[in-house]
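**Q** Here is what each chain is made of, one letter per residue.
2 protein chains.
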Amino acid sequence: MTHSEENYIKAIFHLANAGIEVISTNALAEKMETKPSSVTDMMRRLSEKGLVHYKKYQGVSLTSLGTITALSIIRKHRLWEVFLVEKLGFTWDEVHEIAEQLEHIKSEKLIDKLDELLNFPKFDPHGDPIPGKNGEFMEHDNQLLSQLPIGSAALCVGVKDSSAVFLRFLDKNSIALGNKMKILEKEEFDNSLRILIDEKELHISQQIASNLYVKKIEL
Amino acid sequence: MTHSEENYIKAIFHLANAGIEVISTNALAEKMETKPSSVTDMMRRLSEKGLVHYKKYQGVSLTSLGTITALSIIRKHRLWEVFLVEKLGFTWDEVHEIAEQLEHIKSEKLIDKLDELLNFPKFDPHGDPIPGKNGEFMEHDNQLLSQLPIGSAALCVGVKDSSAVFLRFLDKNSIALGNKMKILEKEEFDNSLRILIDEKELHISQQIASNLYVKKIEL
DNA sequence: ACAAATTTTTAGTTTTGTCTAAATATTTTA
DNA sequence: TAAAATATTTAGACAAAACTAAAAATTTGT
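Protein sequences appear in the order of chains A and B. Per my numbering, residue 10 is the first one in the first sequence, and the count goes up by one each step. Per my numbering, residue 10 is the first one in the second sequence, and the count goes up by one each step.
Don't read these hints as lab results, they were simulated from the structure. Every residue, glycine too, gets a C-beta built ideally from N, C-alpha and C. There's no promise every hint is true.
Unchecked claim - Among chain A residues calculated to face chain B with C-beta under 7 Å, some are:
| id | residue |
| --- | --- |
| 1 | 100 |
| 2 | 114 |
| 3 | 119 |
| 4 | 120 |
| 5 | 195 |
Work out the full structure, taking the sequences as your base and the hints as a guide.
**A** Next comes the structure, spelled out in structure tokens:
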């Protein structure tokens, strides 16, 4: 498999996982930042290799082989992200770009050893689950901070948007995975929140709150 | 730069470093396991980019930009090799292939952090020097074990041949970098050696002895 | 339901890196 | 030094992955 093929497979997986039922040529072209005609070409090729189901004009989906392939690439990507943060001291907004390259390195043994070095982590630095060797995929059914009622307490377990801008905003405000947070007040007008985060009070917009995954805890 | 361009640059550097004055199209083709015509094409391209000096029918050499590029690739390759052995527990015969892939990852910061994680190593697992950030290249003027006189003691500091077969042979006989060795006897007939290596006596052929770099020590 | 708008595919071109076969240049040797 | 052998380059082709422009299919709106 070429890097390009792997990137297409990954993109299809992510679109499907984002709840899109029919993945259109255009949607995939946009995700891949390429032209629809290039997508058509690639789908023909991936279809011939048995990685996707593809019928002209009818969208695309992964075969089971394609799904296994996608999970293995995502596993590599996320393990490398953990490595970059835990072992090399990168911040969580810097790792995606480098992991995009590292995920294409071919060596089963390398990934197994890396997994071991990192102590078999189950989540990457953004809180996304790391598929296991056999593709077991821990789907997190987390809530968004914006969905919690006033007064509830929760642990920050992930981010929905993992763009560098958002992550840097979180860093600046000392919001990190594992933080304990409590909702003190919700502003009716704009749905912004006053929260307590690790002893400190903070005011955050609705947009922020709806991009933070949390897990409710009892007090 | 593409992976392929980087591989050509590296190959030219290694040939030049092996003492070959004029690097011919054929020699490079053989090293790269490709056809001479492909080499000619690539030389035209690398020449346009200012990485090599190239005149038709007259061989090729690296420009200073090309040399800097080669050193940076070799630095990455060797640092990754150290990582694979030291941190992931690979044996020294396994690392080359994986490092061939990892050396193409683009991120200055990644390499600096890796260097730091590994404690700024000066040699790779085969005893080859790791170029510094600015291309400082520690040329080792080591002797071959086969060149030492009888009775002398030395430390094993590197291998000349770093093929997997040779390295696995060394492993099997517990010969590793850092080992102290003493020459007990040289067989006149075939130049094989009886040596003492970390308390153990071993009989090795001339071919083995002339592929081990050593550094003489006083008793 | 049919024209208009949109989406998707096809056809033809480009770039990179490779190849084979043929042509040309250089080196060797007798 | 001229013919033979060898080395190198050129020319033309191919595959992968992209692009543009045009054609075809599908969906939408009235």
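**Q** Against this structure, judge whether each hint is valid.
**A** Do the hints match the structure? See the list:
1. 100: 11 Å, violated
2. 114: Hint on residue 114/A: holds, closest Cβ of chain B at ~5 Å, below 7 Å.
3. 119: Hint holds; residue 119/A Cβ to chain B Cβ min 6 Å, cut 7 Å.
4. 120: 10 Å, violated
5. 195: Cβ of residue 195/A sits 40 Å from chain B, so the hint is violated.
When the structure is compared with the earlier hints, violations turn up for hints 1, 4, 5 and for no others.
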